[in-house]
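Colleague: Keeping the supplied structure of chain E fixed, place chains F, Z and U with the ligands upon it in accordance with the hints.
So you can see what is in the structure, the chains are spelled out below.
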Amino acid sequence: MIHLDNVSYTFKKGGGVTNVNLDINESEFVFMIGPTGSGKTTMLRLIYMDILPQVGNIVVNKFTSSGMKPKKLPKLRQKIGMVFQNYLLMNDRDLFENVALPLHVLGFPKRQITELVEKSLDEFGLSNKVNHYPHELSGGEQQRACVARAMIKDPDILLADEPTGNLDPVTSFELIKIFEKINKAGTTILMASHNYNLIKGRGHRIIEIQNGSVRS
Amino acid sequence: MIHLDNVSYTFKKGGGVTNVNLDINESEFVFMIGPTGSGKTTMLRLIYMDILPQVGNIVVNKFTSSGMKPKKLPKLRQKIGMVFQNYLLMNDRDLFENVALPLHVLGFPKRQITELVEKSLDEFGLSNKVNHYPHELSGGEQQRACVARAMIKDPDILLADEPTGNLDPVTSFELIKIFEKINKAGTTILMASHNYNLIKGRGHRIIEIQNGSVRS
Amino acid sequence: MDKFSFLIAEGFKNIFRHKLTSSATIFSIFLTLSIVGFLILANQNTNKIIEYLRAKYKIEVFFKEGFTDDELNNAINQIGSIKGVRSTTLISKKDAEKIFKSQFGEDIFDLVGFNPLPASCVVNVEKDGIEKLEIMPIIKRLEMLPVVDEIKYQSGLISRIESYYERFSQIAILCFILSLAISIFVISNTIRLTIFSRKNLIVSFQLIGATRSFVRFPFIVEGLFHGFFGSMLSAIALYFLIDYGNTVIDDIISFKINFDPYLLSATLIFIGIMISTIGSIRATSKYIK
Amino acid sequence: MDKFSFLIAEGFKNIFRHKLTSSATIFSIFLTLSIVGFLILANQNTNKIIEYLRAKYKIEVFFKEGFTDDELNNAINQIGSIKGVRSTTLISKKDAEKIFKSQFGEDIFDLVGFNPLPASCVVNVEKDGIEKLEIMPIIKRLEMLPVVDEIKYQSGLISRIESYYERFSQIAILCFILSLAISIFVISNTIRLTIFSRKNLIVSFQLIGATRSFVRFPFIVEGLFHGFFGSMLSAIALYFLIDYGNTVIDDIISFKINFDPYLLSATLIFIGIMISTIGSIRATSKYIK
Ligand SMILES: Nc1ncnc2c1ncn2[C@@H]1O[C@H](COP(=O)(O)OP(=O)(O)OP(=O)(O)O)[C@@H](O)[C@H]1O
Ligand SMILES: Nc1ncnc2c1ncn2[C@@H]1O[C@H](COP(=O)(O)OP(=O)(O)OP(=O)(O)O)[C@@H](O)[C@H]1O
Ligand SMILES: [Mg+2]
Ligand SMILES: [Mg+2]
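Residue numbers (numbering that gives the first Met the number 0), protein chains in the order written: chain E, 0 to 215; chain F, 0 to 215; chain Z, 0 to 288; chain U, 0 to 288.
Just chain E, same shape as in the assembly (with noise of 0.2 Å):
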């Protein structure tokens, strides 16, 4: 599902990641931990192609990163679901219009997005908050939101960046179960975070990145 082949990316400031190799199969559930400033976010900017490696290849969901055109980008991210670290909820639309996004994009016929929505809404405890804009959400709010929003659209591969930064200790168990029923049901899920008491013991896989690299 998801392959880096001796990837390199480095920043003009320096920082980024360096020859990671890694392989990720359908449906697999795999944890990303390590230090801040180790490259985590870097790792998943790369496979959702925001950034393209300099070195090395990166295939996902049978698209390549060499000679990857913008034009194919929106057929790639229409497959993945991403939870961004620092949300990037549309400031000029409520929490509704938010989590509908990606089934508008998609297409989907008006009535189905509503209830789709709802129940989403629902699961996420924020029923209660469908017409408050972003920043009219507390931090955990936000945060769940976009979860809502990357999920809404039933993704082959969910990547989720630090998706409980914000959420209280219970918040958080209960999304990581979310997390492990759409797992069952086929996602990919790869998951970046500091919190490892939250995911160990839980039987998934669990990559290490220290200074850009990967550690096993």
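Do not take every clue at face value.
[What the hints assert, rightly or not] Some chain Z residues near chain U, calculated using beta-carbon distances under 7 Å: (1) Ala8; (2) Leu110; (3) Ile183.
[Unchecked claim] A short, non-exhaustive set of chain E residues, derived as facing chain Z with CB atoms under 7 Å: (4) Arg76; (5) His103; (6) Gly106.
To be clear, the hints were calculated from the coordinates, so they are not data collected in a lab. Remember, it's a predicted structure, so these values are computed and weren't measured experimentally. Just so you know, even glycine gets a beta-carbon here, dropped at the ideal spot from N, CA and C.
Modeller: For chains F, Z and U with the ligands alone, kept in the frame of chain E given last:
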């Protein structure tokens, strides 16, 4: 130092805090915990008077919320260090300039500013990122930058909203130790956090917020 | 189908989601197209000036002695049909007498005992039309008539009038082109700024898998609307300005600004929509990878 | 002192930190003030038109018979000193003879045996100056002279010329005021947008304890600079445009646009700095609590 007297604030769309009474003495170190959406950020916003209570009264460092005029706010805030949950770094300037800003506001001489900022960035392990713009920093680096900016002016009061959300356990622990150090030196600290593991058993007062009210 | 109607709806919603930027765009379209419209009208009315000046210009044709009134009238008709001639006025020998009297204060009959003054004809040239008036062909045609003795005209004057007019209308057209160019720049500039303030949104859209056209479509709808609304406002404003202006000016100097409100509106709306839509597309492209 | 120099430096740095918005502001100041400057010059040059028209206007004064040349010359000098009179040309009895010949194609001497034509004088009115020219006071003064027999003038013509001119310069002033107003609006609009894109920064500044004036000062410095730079550019552009335009026009119709580049630059820079600085202050206030 900080007194909340039967304070209530309800947002138009619901949510907020109700009937809060709280006293924090000079040089106290207080943790505020509570599930997501319980009202921690709202409490802090009330204390640095970004919003003024609809009911009740707040006194912070001799400034009273009732009859507070926008003109007096800077005076209040110059004595408070704020770590915002969503960082609020200025994305038009680099890390150095961001951290230096509060000192410019206070009119420090240039040479002293350079000295203080370099020392601070060193303390937070950001010395090699001085020229990075906020979007060129990792999540955890941005968060530490925000802490550095809050502490640079050696404030009387430090309000920190979830300052470890994007930090790994080691860095989080170091941060707490830095906080304890300045607290010893006289700074009053109020820190909102979900990370009960991090704060338990350190001998500090813990207040619990639930549904907008303080539980003791 | 659902996608299409969503995108149209998005475009419309964005107008209200981004009130400040929308109003700024509409406002800048309104302002600049008001100037453009004003200058379109000014251009259409510059010919009034040449009309005024041409009306003051005349050619005098003196006839030979010994022709009958019929023959003279005949000649006058011929003159009247020359291209570029607006009207002719016969000044008979009798009329010439009166003119002499008014000009020199004496009666020529008293002075001389008979009337030596020739019959003549005042030829007024065409005053309408914006093409440059050529006087020499008229003179040539006049000289060919057998009744004509002498022709008096100020060859310098008419060409000076014409060149003044030409300069004037050149300046007017220059102003118009300049203002159109400036409108395009100002409007594009405004649009660039409004879209700049939404660049993060555009990036976010693309990160969640929106295609370029999906991102761009609502901006086009918005641009269309802004263009339509802004130019409509300028057409309305000009209409009332000129309507009011006309009643005021008419009182003072009996002159009315010619204008066709439908044509003016159509022109302005066309220009407005074009600039705004193209500007939106171009400005969006910058942030769409 | 450190704070002050920091704030000045901030203002300058912001110009480069926010290149797009800075260039947009400068560009919009440049564009709109170019129009304003153009119209200032047009206004200054409208008097050329009245000069041209007034130059065509003349009063003819016929003298009584029986005065010596000295007496006539004396009278002519008196006429020349009347307010509103630019020049006088004596047409002696001899000259009148020639005029008769050219006008009627015959020799008055041959016709009558003596010269019955009176001496006269052509009075040209003042053509410079922009005040409305009153013809009646001149006529009154002329009538009081003992040598004067009759006066011929077209009272209608001059007043028509004057009212045409008046209308024209009214329109020019209207255009100027309109364009100045539009400039102010367009520039403020642009500034509003540029500051809108930085509203989060303003809020963040205040959250960390910056006073209003601390937040605002760099914007004022920026506004000053934008105003100065934008208007400077428009002055330079106009200078070259007109310099080039003058050589071209001069070739064709021997006319030169009058202008004082220093005064023009000073005026434009003053207007530019005022609008931009005030606009910045006002727009910032909106986001400063
Ligand atoms: N655009 C950029 N330009 C320059 N350096 C960058 C840029 N983005 C990230 N970096 C640097 O690359 C390194 C890795 O960043 P990354 O965001 O991947 O870390 P991370 O593992 O996600 O950390 P965190 O847990 O704090 O989010 C960091 O040192 C960061 O400063
Ligand atoms: N501007 C606003 N308008 C309306 N509701 C708001 C606004 N800001 C916050 N709320 C609501 O008030 C409640 C408390 O929000 P607050 O941000 O204080 O929570 P919190 O304790 O900080 O949560 P978290 O741990 O997730 O950051 C939430 O339910 C939130 O949706
Ligand atoms: Mg990260
Ligand atoms: Mg919060």
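Colleague: All hints are to be evaluated individually against the structure, with a verdict given for each.
Modeller: Taking the hints in turn, this is what the structure says about them:
no.	hint	result
1	Ala8	violated, 25 Å
2	Leu110	holds, 5 Å
3	Ile183	violated, 10 Å
4	Arg76	holds, 4 Å
5	His103	holds, 5 Å
6	Gly106	holds, 4 Å
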